[in-house]
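Student: Since the structure of chain A is provided, determine the placement of chain B on it from the hints.
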Amino acid sequence: MIIELNNRREELPQVNMTVSEILKFKSFTFPRIIVRLNGRLIKKPAYPDTIVMHGDILNVIHLISGG
Amino acid sequence: MLNLENPILKNGELELYLIIVKFSEIQTILSSKTVGIAGAGGLGSNCAAALVRCGLGRLIIADFDLVEEGNLNRQFYFRDQIGHTKVEALRDNLQRINPELKLTIHNLQLNTHNIPKIFAGVDVLVEAFDQADQKEMLIETALNLWPETPLVVGSGMAGFGNTLALVVKKYDKLYICGDEKEEIGPDNPPLAPRVGIVSHMQADVVLEILIKAYGLRIRLRNK
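Sequence order for the protein chains is A and B.
Per my numbering, the very first residue in the first sequence carries number 375; after that it's consecutive.
Per my numbering, the very first residue in the second sequence carries number 7; after that it's consecutive.
Looking at chain A on its own, in the form it has when it is part of the complex:
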């Protein structure tokens, strides 16, 4: 399926993947991240159960210490 990931078109190997599966597939393994699906915040405990569908808009933001 095709989704919009961080403002870019992203082709994924299968349809209806979970947020966890996509993070693993993209190697987004950083400990502190923010995930938004279609503008809605997805909290960490919901990653394995949240299904991302074709055409969805996913944002994965890496939070890095320092400031």
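Source of the hints: derived by calculation from the structure; they are not laboratory data.
Hints are not guaranteed to be accurate.
For each label pair, taking beta carbons as the anchor points, the in silico distance ranges come out as [what the hints assert, rightly or not]:
#  : chain 1 : residue 1 : chain 2 : residue 2 : range
1  : A       : A420      : B       : E106      : 43 to 49 Å
2  : B       : E94       : A       : G413      : 37 to 43 Å
3  : A       : P405      : B       : K175      : 33 to 39 Å
4  : A       : I431      : B       : N117      : 27 to 33 Å
5  : B       : L72       : A       : F404      : 28 to 34 Å
6  : A       : E385      : B       : Q33       : 22 to 28 Å
7  : B       : S37       : A       : I376      : 44 to 50 Å
8  : A       : P405      : B       : P153      : 24 to 30 Å
9  : B       : K123      : A       : A420      : 24 to 30 Å
10 : B       : H90       : A       : G413      : 40 to 46 Å
11 : A       : F404      : B       : N168      : 36 to 42 Å
Since we're looking at a predicted model, the values are computed, not measured.
We put the CB at the ideal spot given by N, CA and C, even for glycine.
Tutor: Chain B alone, transformed into the frame defined by chain A:
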């Protein structure tokens, strides 16, 4: 003089108007705006100074730290302020730029309980924490509470060099400034130039949001 009540919105005329927007007009727009800044370290103190220099009317800042010698390599404080609370030292410094500034300071550690009260009603909220877990807490809290309020985050700015990696990413009303990569550590300290760049990117995003909200279009990055 641009009529702020009836902004010109026709395509093609916009950039021309951008170029001739006077500083006094920017000051007029900003003077009625409120910005919240969570954290008064390298990001928050420098972002605040930039916004006040541009004419921001009202600022709400919260931090629980004291000024330390190690902060002076990047934060908007001075040697004679070591030991002062950051929010009081910042108040003193900002008032030297604009004594008319309406400033509310909170000398406390922000958490999910006090954030809703402290930053309610701001036009834009700036995330300016040091630690990633605090950034996460603030972003999650703010996105839940105020999905329509622009939130400007700093993430990734330690070390030196590779300034081209420092960018602004926009996801609806959430803006991420930095490289999302360079983490602070014993061998990768935060330093004035890159922290300064990101804090000023945050201030610039705030200006862009507030001025655009008045109908003035600004040339977008990556256009």
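Student: Honestly, which of those hints from before does the structure not fit?
Tutor: As far as the earlier hints go, 3, 6 and 11 are violated by this structure, in ascending order.
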